[in-house]
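Asks: Please build the complex by placing chains B, C, D and E on the supplied structure of chain A, with the hints as guidance.
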Amino acid sequence: MLNEIAFLLCAALTLAGAVAAMMLRNLVHCALCAAGAFAGLAAIYLQLDAEFVGFAQLLIYVGAIAILIVFTVLLTRGAEIQPGAASSASSWWKGVPVGALVLACLIWSIMASPSLVRLPSPNVHAPVKQIGEQLMNQFVMPLETIGLLLTAALLGAVVIGLREPRTSEPNS
Amino acid sequence: MTPSLNQYLVLSALLFGIGLAGALARRNAVLVLIGLELMLNAANLNFIAFWRFGPHPEKLMGLMFVLFSIAIAAGEAALGLALVIAIYRHRRTAQVDRFDSLKG
Amino acid sequence: MSASTLPSELAEPASDHQLLEVSLGPQHPSTHGVFRMDVSLDGEMVVKLKPVFGYLHRNHEKIAEKCSYLGSIPYTDRLDYICSLTNNWAYAMTVEKLAGLVAPERAEYIRVILSELTRLINHSALAGFLLQDMGALGTPLMYAFREREKILDLFESLTGARMMCNYMRFGGCRCDLPPGWIEQTRSLVANFPSFLDEFEALLTGNEILQARTEGVGVLTPQLAVNAGVTGPMLRATGVNYDIRKVDAYGVYGRFSFRVPLGERGDVFDRYMIRILEMRESLKILEQALRDIPAGPIIDPKAKLRNLRPKPGEAYGRIEGPKGELGFYLISDGGPNPYRYRIRPPSLINLTILEDMCLGQTIADAVVILGSVDIVLGEVDR
Amino acid sequence: MNGFGIIKGMIETARNFVGSYHDAQRLTTVQYPEQKLPPVENARTIPFLVFDGDDAMAGLRCTACVICEKECPPQCIYIVKDQVKKPDYVGKMQMQPKVFDIDISVCMSCGICVEVCPFDAIKMDQVFELSTGDRFGKLLLDKHQLAKPNDYFVKIHKTEASEIDVRREEDKRKAEAAAAAKAAAPKSPATPGAAK
Amino acid sequence: MSGLDQIFVWIGHRAAGWFPASVQPLVSAVLAIAGVMAVFGTCFALTTLAERKVLGRMQNRFGPNRVGPYGLLQPLADAVKMLTKEDIVPFSADKTLHFLAPLVLTVPVWLAFAVLPFGRNMSAINLDAGILFFFAVGSASELAVFMAGWSSQNKYSLVGAMRAIAQMISYEVPLVLSVVPVLMLAGSLELNDIVAAQGTYTFGGLARWNVFTPWGLAGLILFLIAATAESNRSPFDLPEGESEIIAGFLTEYSGFKYALFFLGEYLGLFAVTGLAVTLFLGGWHAPFQWLEWVPSWFWFAAKFGALIFLFIWVRATLPRLRLDQLLNFSWRFLVPLSLINLLVAAAWYWTGAWKFPVVAPIRWLLCAALIALPYHWLGRALRGAMPPPRKYIYAE
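Chains as they are written, first to last, in this note's numbering: chain A, 5 to 176; chain B, 17 to 120; chain C, 71 to 451; chain D, -1 to 194; chain E, 15 to 410.
Treat the hints with caution; some may be incorrect.
Stated by the list, open to error - Which bits of chain E does chain D cover? Going by a derived footprint, with three or more residues having C-beta under 8 Å, they are:
| no. | region |
| --- | --- |
| 1 | 62 to 73 |
| 2 | 321 to 332 |
| 3 | 384 to 395 |
Said to hold, decoys possible - Derived DSS-like pairs: lysine-lysine, alpha-carbon spacing no greater than 30 Å straight-line:
| no. | chain 1 | residue 1 | chain 2 | residue 2 |
| --- | --- | --- | --- | --- |
| 4 | C | Lys220 | D | Lys6 |
| 5 | C | Lys136 | D | Lys170 |
| 6 | D | Lys79 | C | Lys136 |
| 7 | D | Lys6 | C | Lys373 |
| 8 | E | Lys67 | C | Lys220 |
| 9 | E | Lys405 | D | Lys6 |
| 10 | D | Lys136 | C | Lys373 |
| 11 | C | Lys220 | D | Lys153 |
| 12 | C | Lys120 | E | Lys169 |
| 13 | C | Lys373 | D | Lys172 |
| 14 | D | Lys96 | C | Lys371 |
| 15 | C | Lys380 | D | Lys68 |
| 16 | B | Lys75 | A | Lys133 |
| 17 | C | Lys371 | D | Lys170 |
| 18 | E | Lys67 | D | Lys6 |
| 19 | E | Lys169 | C | Lys118 |
| 20 | C | Lys373 | D | Lys34 |
| 21 | C | Lys132 | D | Lys90 |
| 22 | C | Lys373 | D | Lys156 |
| 23 | E | Lys109 | C | Lys315 |
| 24 | D | Lys172 | C | Lys371 |
| 25 | D | Lys68 | C | Lys371 |
| 26 | D | Lys90 | C | Lys220 |
| 27 | C | Lys220 | D | Lys34 |
| 28 | C | Lys353 | E | Lys67 |
| 29 | C | Lys167 | D | Lys68 |
| 30 | E | Lys67 | D | Lys34 |
| 31 | D | Lys6 | C | Lys353 |
| 32 | C | Lys136 | D | Lys141 |
| 33 | D | Lys172 | C | Lys132 |
The hints are simulated quantities; they were obtained by calculation from the structure and are not laboratory data. Note that the Cβ used here is the ideal one computed from N, Cα and C, for glycine as well.
Chain A extracted, bound-state conformation (with noise of 0.2 Å):
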């Protein structure tokens, strides 16, 4: 009983942040509501016993992502105040329709399929160290490209970030 309101809740949060970031207009809330719904997911990981995923959602989507995103928000901040900004009104006319056939289908699919009302198996629990072994050995090649990936995404970031060498620098 504990548990199914603890989901209910979280679920609750999850839902409510990932409604709220993509439907209010302030861009700043958005991005927080986002990060809302993300700690919230974290807490359902934490819930299903996998707590090192959980802690590890907290750790990159709410402390990096989310703050990249506000980030981003805060350095385009004039595209709020554009001229013409009115002929980017949101679209929901493009958007909702399609959502919804999504999810309707998603949703027939696993109400039609009674295999997965089923109950989890108990006493499991993923240790550190296992996790850590796993991906020493079996997942250690995909862990280096991983690596590779995320260096290459860093450079690339960093390419694409960097200011033209149009207006001075200050001084460094």
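Replies: Just chains B, C, D and E now, kept in the frame of chain A:
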């Protein structure tokens, strides 16, 4: 009583739907990225749920997928947002429908 | 792409970001009083800076034209309230020129001693404030003030007040040195180098200080000379101009001292020049305390009340701790000056603030302002 | 070496930290209400009016010449002359102030009034705990509040006061001698002042 | 050793024992929470006082000494002042976020204390991924700072918030990277395991704390620098750099909300300090074997206090960096150095198998050189091509 698998899946589907609708509907590039992240998270939730309710939770497959997916999401967000900023610098706008220089 | 949208597409924005207009001051922790800088920021970078002053305007010059020659002296204390004695001196010197008075030798020595002590006060307080502006949380400032207090004690026992000394008179000084004053000053002068060493150990070698000051707020000698910058600000750019040497007013000609000159004209040079000047001041003090003669302290011809100089004009200037402090007086033969005008070094040194700050960050702007060494009482008058 | 300057600075603060516990040269703070600095003889705060003898109003040295009122740079002195004269210390009839107010919220403690006073009647006080709850009423001092005995003056400005006292004694002696000589001379009735 | 050492554990057990067995875990959890909150709440009050007194002494002042004996009641007076002050919300502020920001900062910070072992058997929970938990809950503070700065609708606040975010993102990286060597050598993310790994004694009864190894020393210094920056303390106090941007993101806060921010910042500092003690300074272990009889929680408190003193000391001494220098310092100095420190830790681990007669000093010096040389080079690179030292000419 613990929630069953399909409840998690419904939550995930909802999240995906919200993310998709938002990403399609909103014009601001940052919001589109948030929508993408939400969809990614929905997928992650599926992985975790299937891992937890699956027959072999001790193998940690689902967890591993999610870990990698989170890592990729971080890279994606960094790159995507860098792109938004770069475009904003040139065009003074972050509205995706105004990035239309290549349109004939 | 339609042709009509082309211009807006091609129009490159002048800058990457929106400019942030910030009004630093007049109530701001590091504007040294009620000074205001209208700053336009691009991110953290200053792209436009407009100094705004006048918040402390007290009509000093006009009041002085309605006041007797004696009555203006306490007002000059309040110009640069950190260095009241040098202000006194500059004013007294101008009135002496106007009225043809000559201060006796002992008075001149006392003036030199007091003005060098004032220089110590000003420079140590400035170094403290500058570091405070850099965020050193008051430690250097408290050390500087600790030493300043000792000098202020000397001032109090001589003039009766710590800051608003009102001590010098045209034709000499108000009262003679109290017994034991010379010895106290001598011991203070002997102990001061240890404070300077301590201060330098605390900060001069500090990497953060160096990083914050090197190459920041560079002032070229040409600009400095063109703008009329004087004092340590000018000497930090390498221009050799010290009125104590140029005019050799008072009895400065009798002392051997050197004028330190900077190399690059950045904030670090301005900081270092002041430290070095303090060391030179100590040399002057030692000599003056050794050579001070006995004798009267005021010109017997000097008439404090109801002084009516012959019609004429006079400009007297001294090397104040902040730069050339000048007074310009016109007398029409009446008991008050017909025209009274001050050349305040702070104000004139402040005029090039924008030139030094452009392209630097806002944190630098605050440090540069600190290194200019302004006292708003003098800027706004 | 990088970081060396920072470490040097930290040693310096540590020295001051330790030093502030045992070195009076470092910890110079005076704990004000409990401890007070010894009074400095030259110190000046606000002016007061000196009187001789026991009766403050009768012994007031001020002769209401209004020089101080004219010279005071911020013009914080307000004097109204009394029509009734009173004899001064040498027995000469002098004016006296009916009203003598100093607005010490305006006074800037410059001491010009003291310098210009030819009668040694106004001197600088050393009280500094002047705060009151009433900005307008209590900071305007009248002559009763300003009058302080010569003994007090001697106490706070010893050197200056004793010089003045010596000079005044001499003046008095001369005046008495002159009066005596005058009295000795025939057909001159003694003035009330000389009788004193 | 046992009695006094375990006194808090014993009290907790006894107190929980009064309750029925079904609620005992809950009760002991509540007790642990209450204990942590009481201890660190008091610690916060005392630290604000100690900071002011130590700063005062370093600046040759007395510091607060008016309220109560030696000024001990000053925190109380401050609290009364803070709580009775008017809570001002700017008219144009985003009121919800303005209200939420101090909560978002303060509440998660408390969670971080859950995993710290304050003494033998004295950690609220034993989490498998303790360190990850620690950093995860700490990540909310960035959002809180941003919310505070943005919602105030004040330019100084906004600049402060931008600075804070840039700074926190940049210094989170070296903070986490400097922890990694410890995890590598302890082979666990659980803080109790890490403490246990430092619990043996080597020659002369000296403890095997991580800080006595080259990588541990370097790691501790890196960690402390990054922690200083993470908790916005001088010389990295740019987000609230008083002389530049008034109070940064705190400009528009007053009264109780300001006090909450204050509390949150100090708690964040305590949390990272506690982590530094745990990771590098042997946690609750005594420095020498013959000092083992002293209660373990005392050692934790002593080390904790020493580090807090260090933070105050640094604050009293150093000027503030500039933003670009701050970021350069992180990305071009701390991050490479902490990566190199990883290699050094690996080298240390690898050379541990050596069997030479005089191996210990050689191993130490070798690893120290491995970290000292990059330190020197990176430092020089960071400062750029140094112009020749200045010569001041004297005109006669």
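Asks: Hint numbers the structure violates, sorted upward?
Replies: Those not satisfied are hints 5, 7, 10, 14, 20, 21, 23, 26, 28, 33.
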